[in-house]
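2 protein chains.
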Amino acid sequence: MEEVEAAGLAVGTVVETRTETLGRDDIVAFARQFDPQPMHLDEDAARGTVFGGLVASGWHVAAVTMRLMVEARPLGAAPVVGVEVERLRYRRPVPPGTRLRCRGTIDAVAPALRPGQSYVTMSVDTLDADTGSVLISQRWKLLAYRGEEG
Amino acid sequence: MEEVEAAGLAVGTVVETRTETLGRDDIVAFARQFDPQPMHLDEDAARGTVFGGLVASGWHVAAVTMRLMVEARPLGAAPVVGVEVERLRYRRPVPPGTRLRCRGTIDAVAPALRPGQSYVTMSVDTLDADTGSVLISQRWKLLAYRGEEG
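From first to last, the protein sequence lines are chains A and B.
Residue numbering for the first sequence follows the numbering used here, beginning at 1 and increasing consecutively.
Residue numbering for the second sequence follows the numbering used here, beginning at 1 and increasing consecutively.
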């Protein structure tokens with residue numbers, strides 16, 4: 001706990017990330033590998049779906065969210081180790097060219113079983129950087145521990 | 001609703017997927033792009049982490065889960081459109097060479113706002129195909145609709 005608090009992990013702490021643009025080719029490449037469905041693979045096929053056009057796989061947006069959050073080092077020197085995603089909501093479709101940015105807010109810090117380890121609960125919003133709309137909202141339960149000691 | 005029921009989406013229906021082996025190079029490639037942390041990138045660096053060795057990013061295992069589930073067509077002809085992941089738990093680390101398979105169970109089917117659309121709640125377990133252990137468990141809320149009519 002002291003280590004975690006020393007790293008500035010106080011409830012209410014907000015972490016903002018850089019932006020990343022989701023390109024059309026990125027969307028299609030991810031979909032071919034992990035989510036091969038018409039709304040993610042091809043403009044023409046996507047037009048006939050409930051989305052009316054090409055949109056990113058939600059798992060792709062979630063993966064880019066992880067990338068941006070990891071780079072922002074929300075737990076200081078400790079890695080970002082997920083225990084649980086309490087709730088992940090896909091709130092808006094993400095078309096090609098969307099500039100993503102993320103915001104993490106620490107909601108709770110509690111002792112974990114082992115000394116030096118804590119559970120950190122963090123709300124993570126993935127935003128459209130141009131409009132400010134929330135695209136995906138989720139709540140992460142993370143295991144925070146001291147650097148490389150485990 | 002009738003369409004959904006006609007597609008065999010009854011509560012209790014179980015969908016089993018094929019297996020896919022998570023190779024060491026796949027794990028590192030995914031991590032470089034989406035989760036660049038020591039436990040996912042490099043054997044030596046991973047040894048010093050809480051995992052004691054290289055493990056797949058949880059988002060990678062979740063993405064492969066989506067791939068396997070999409071191929072198994074759990075909603076029949078309708079695509080798999082996520083509204084929400086109610087809870088996703090990372091239950092066991094996933095080292096290189098793990099053979100994954102998934103099992104989806106329909107927990108509930110309820111009418112959505114528009115005619116011909118339904119919400120389907122499905123428990124999805126990602127298993128180690130060799131031991132039967134659950135690696136990730138989650139609950140998906142999906143929007144099921146009639147083919148390409150939206």
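Each hint should be verified, as a subset may be incorrect.
[What the hints assert, rightly or not] Stretch-level coverage of chain A by chain B, calculated; a stretch enters the list once three of its residues show a Cβ under 8 Å from a Cβ in chain B:
#, stretch
1, 64–71
2, 80–89
3, 93–99
[As the list claims (entries may be wrong)] For lysine to aspartate or glutamate, the following EDC-like pairs were computed, each having C-alpha atoms within a straight-line distance of at most 20 Å:
#, chain 1, residue 1, chain 2, residue 2
4, A, Lys141, A, Asp125
5, A, Lys141, B, Glu71
6, B, Lys141, A, Glu16
7, A, Lys141, B, Glu16
8, A, Lys141, A, Asp107
9, A, Lys141, A, Glu84
10, A, Lys141, A, Glu71
11, B, Lys141, B, Glu71
12, A, Lys141, B, Glu84
13, B, Lys141, B, Glu86
14, A, Lys141, A, Glu16
15, B, Lys141, A, Asp25
16, B, Lys141, B, Glu16
17, B, Lys141, B, Glu84
18, B, Lys141, B, Asp125
Hints were generated in silico from the structure; no laboratory data involved.
Because the structure is a prediction, the values reported are computed rather than measured.
We put the beta carbon where it would ideally sit given N, CA and C, even for glycine.
Review point. Of the numbered hints stated previously, which ones are contradicted by the structure, given in increasing order?
Key: 3, 5, 6, 7, 15
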